[in-house]
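K.L.:
In order, the protein sequences belong to chains A and B. Last residue of the first sequence: 331 in my numbering, with the numbers rising by one and none dropped. Last residue of the second sequence: 299 in my numbering, with the numbers rising by one and none dropped.
Don't take each hint at face value.
Unchecked claim - Under the rule of at most 20 angstroms between Cα atoms (straight-line distance), these lysine to any residue pairs were calculated in the SDA-like manner: (1) A/134 / B/290; (2) A/221 / A/183; (3) A/134 / B/208; (4) A/134 / B/24; (5) A/232 / B/208; (6) A/86 / B/24; (7) B/208 / A/255; (8) A/134 / B/141; (9) B/208 / A/45; (10) A/86 / B/244.
Derived from the structure by calculation, the hints contain no laboratory data. Note that this is a predicted model, so its numbers are computed, not measured.
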Amino acid sequence: MTDRVAEMSVKVPPLPVTGGTATDLVTPGRKGRGPLLLSRRDMVILALMAGIPAFIHIFFVWVPTILSVLLSFTSWNGIGGLDRIKVVGLKNYSDLVSIYQPFWPAVQHNLIWLGVFLLIATPIGMLFAVLLDKDLRGTRFYQSALYLPVVLSLAIVGFIAQLFYAPEQGLINNLLGTTGQNGQQLIDWLGNKSLNLWAVLVFASWRHIGYIMILYLAGLKGVDPTLREAAKVDGANEVQTFFRVVFPVMAPINIVILVITLIESLRAFDLVFIINKGLNGLELLSVLVTNNIIGEASRVGFGSAIAVVLLTISVGPIVLYLTRSQKGIGE
Amino acid sequence: MSAATMPGGVPLNRKGIRWRRVALHAFLLAAALVWLLPLVWALYTSLRPYSDTATHGYVSFTGVLNFDNYVRAWNDAELIRYFVNTIIIVVPAVILTLLLASMAAFTLARFSWRFNLAMLMLFTAGNLLPPQVIITPLFRMYLILPFPKPLSDNGLLYDQYVGIILIHVAFQLGFCTFVLANYMKTLPKELTEAAVVDGAHTFQIYWKVIMPLVRPPLAALAVLEFTWIYNDFFWALLLMRTGSKLPITSALNNLKGQFFVDNNLIAAGSVIVAIPTLIVFFAAQRQFISGLSLGSTKG
Numbered sequence: 001m002t003d004r005v006a007e008m009s010v011k012v013p014p015l016p017v018t019g020g021t022a023t024d025l026v027t028p029g030r031k032g033r034g035p036l037l038l039s040r041r042d043m044v045i046l047a048l049m050a051g052i053p054a055f056i057h058i059f060f061v062w063v064p065t066i067l068s069v070l071l072s073f074t075s076w077n078g079i080g081g082l083d084r085i086k087v088v089g090l091k092n093y094s095d096l097v098s099i100y101q102p103f104w105p106a107v108q109h110n111l112i113w114l115g116v117f118l119l120i121a122t123p124i125g126m127l128f129a130v131l132l133d134k135d136l137r138g139t140r141f142y143q144s145a146l147y148l149p150v151v152l153s154l155a156i157v158g159f160i161a162q163l164f165y166a167p168e169q170g171l172i173n174n175l176l177g178t179t180g181q182n183g184q185q186l187i188d189w190l191g192n193k194s195l196n197l198w199a200v201l202v203f204a205s206w207r208h209i210g211y212i213m214i215l216y217l218a219g220l221k222g223v224d225p226t227l228r229e230a231a232k233v234d235g236a237n238e239v240q241t242f243f244r245v246v247f248p249v250m251a252p253i254n255i256v257i258l259v260i261t262l263i264e265s266l267r268a269f270d271l272v273f274i275i276n277k278g279l280n281g282l283e284l285l286s287v288l289v290t291n292n293i294i295g296e297a298s299r300v301g302f303g304s305a306i307a308v309v310l311l312t313i314s315v316g317p318i319v320l321y322l323t324r325s326q327k328g329i330g331e
Numbered sequence: 001m002s003a004a005t006m007p008g009g010v011p012l013n014r015k016g017i018r019w020r021r022v023a024l025h026a027f028l029l030a031a032a033l034v035w036l037l038p039l040v041w042a043l044y045t046s047l048r049p050y051s052d053t054a055t056h057g058y059v060s061f062t063g064v065l066n067f068d069n070y071v072r073a074w075n076d077a078e079l080i081r082y083f084v085n086t087i088i089i090v091v092p093a094v095i096l097t098l099l100l101a102s103m104a105a106f107t108l109a110r111f112s113w114r115f116n117l118a119m120l121m122l123f124t125a126g127n128l129l130p131p132q133v134i135i136t137p138l139f140r141m142y143l144i145l146p147f148p149k150p151l152s153d154n155g156l157l158y159d160q161y162v163g164i165i166l167i168h169v170a171f172q173l174g175f176c177t178f179v180l181a182n183y184m185k186t187l188p189k190e191l192t193e194a195a196v197v198d199g200a201h202t203f204q205i206y207w208k209v210i211m212p213l214v215r216p217p218l219a220a221l222a223v224l225e226f227t228w229i230y231n232d233f234f235w236a237l238l239l240m241r242t243g244s245k246l247p248i249t250s251a252l253n254n255l256k257g258q259f260f261v262d263n264n265l266i267a268a269g270s271v272i273v274a275i276p277t278l279i280v281f282f283a284a285q286r287q288f289i290s291g292l293s294l295g296s297t298k299g
């Protein structure tokens, strides 16, 4: 990154060290003229301007991340002082995969969630973006309708889902005649273990598709129109143009979309928590973490071990995103 | 298909184009209606008296619509109190996030530091972490770490507005810094230089020269951050204990028991809570979209 910046700036000879950071500072680029020295007061101001946000971010996000990893090798119920923390090695992890019953179902549900997002919701969102990119009359209306769910809190989405799936009062059972009343058969969309995850995923996708649609549409608007015209002149039809010309050009956005899809599937929490606190068929890794810290039995070490599993899976998409954004930063 | 795109097509081909266009409109219109259905259904349910739906069922059209459920949800659930709580959290959180992120972005974008890249990467990676990764130790830190009295009435970060505000700020800083730094890099270098030559110090350059120029991304981020922080209910769920201090989204969940059998009331409550974000949606659509696009397409 910052090739251009680095090339234009000149390193300052080491100054009397004030706090370590001062020597790291390089002046703003002044091509062809001598280095512009910042006064010490300016450097202190700059150090504070970068240092305060960095401190808040590191202290509240990265310190707990590291503590999660460390605590995952310990046992602590949170009662009593920090001296009650006992190192137990890998015991939390071995308990997790062998004894703790909700673990494997949660892994499976996270994978299903990811599969539905990756193979169904994200491609639909991309398809909508491609169709809206044609700028038909009424595009604004279609676009607004599709991304409306994105501005809603997942708490509200959860409540709306219940208006659809409730056994007796829900829209779907009333339309299908499956309310369980008057001798009807009952479909318990949110209570039935083999149905509820899929029912929730419909509403999760409702929101995710709109999100992907906006992001992808923004990317499509940035594609050089002459590329499409050239493809048209060469006799390519629209489908060919998209897959052979537009999609490859969109590679950076495609990666962002992929990363967002992966991360959103790992973050999934709110909807299942609103619906039944993530039990009975709706277990997710994120819910298991919180279950171990709220409620009567607080198992700090064990909860941290689940968090580390979540962290380990997140590292892949995060690194993918960073390597891609690193290229872009210098632009 | 390829015939349709050939230049100088005969009327038959043009008919093909029009037919495809009609099909496309039909598809998009159907999709848009399906997308609106959940909200329309919530709105319809919320406007119907409970007695009406009890006798005729939810899938019925009796024509009786009124705001009784809204009045009941508003009064029974004391929604105003939770709205105030939300404002106490959202307003400082958005302002602090934008202020700190713009400062960090300014130092990263306008000056070349040895740790520029490391800091941007750390910010970006932190922003992508699932919040559940950090919640266990964070919960303990909030219970243990002392915090000065005027901002915290129990001397801790736990169960305090300031605790919720800080975690929002810490988490959102990454995204905002990233977007603002990318934007600031596009501003000409001469701007800063001219100000330096005129004897301005760095804070003046930041506040008087750069900040006025980054209003467009600031507006977009303000809209986006307002929506996100308003909508969040995870942090307050875990880091607040006192029920009367919860923000509106978390409170809504607690009130579910009260509304449990009454879908009309749940619908009314949901619509009330959705209204601020819907206003933002209609009033600041462009900022909302451009904010999201800035994060994904630049950098």
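K.L.:
State for each hint whether it applies.
P.N.:
Hints, verified against the model:
1. With a C-alpha separation of about 19 angstroms, the suggested pair residue 134 of chain A and residue 290 of chain B falls inside the 20 angstroms cut-off, and the hint holds.
2. Pair hint residue 221 of chain A plus residue 183 of chain A does not hold up; C-alpha atoms about 55 angstroms apart against a cutoff of 20 angstroms.
3. Note on residue 134 of chain A and residue 208 of chain B: the hinted pairing is violated, with a Cα-Cα distance of about 41 angstroms set against a maximum of 20 angstroms.
4. The straight-line distance between the Cα atoms of residue 134 of chain A and residue 24 of chain B is roughly 10 angstroms, inside the 20 angstroms bound, and the hint therefore holds.
5. For a cut-off of 20 angstroms, the pair hint linking residue 232 of chain A to residue 208 of chain B is broken: about 49 angstroms separates their Cα positions.
6. For the suggested pair residue 86 of chain A and residue 24 of chain B, the alpha carbons sit about 63 angstroms apart, so the restraint of at most 20 angstroms is broken.
7. Taking the CA atoms of residue 208 of chain B and residue 255 of chain A, the gap is near 37 angstroms; set against the 20 angstroms cutoff, the hint is violated.
8. About 52 angstroms separates the Cα atoms of residue 134 of chain A and residue 141 of chain B, which puts this hinted pair outside 20 angstroms; it is violated.
9. Distance restraint check for residue 208 of chain B and residue 45 of chain A: the Cα-Cα separation of roughly 15 angstroms lies within the 20 angstroms cut-off, and the hinted pair is therefore satisfied.
10. As the CA atoms of residue 86 of chain A and residue 244 of chain B are separated by approximately 36 angstroms, the hinted pair breaks the 20 angstroms bound.
In summary, the structure is inconsistent with hints 2, 3, 5, 6, 7, 8 and 10 from the numbered list given earlier, while agreeing with the others.
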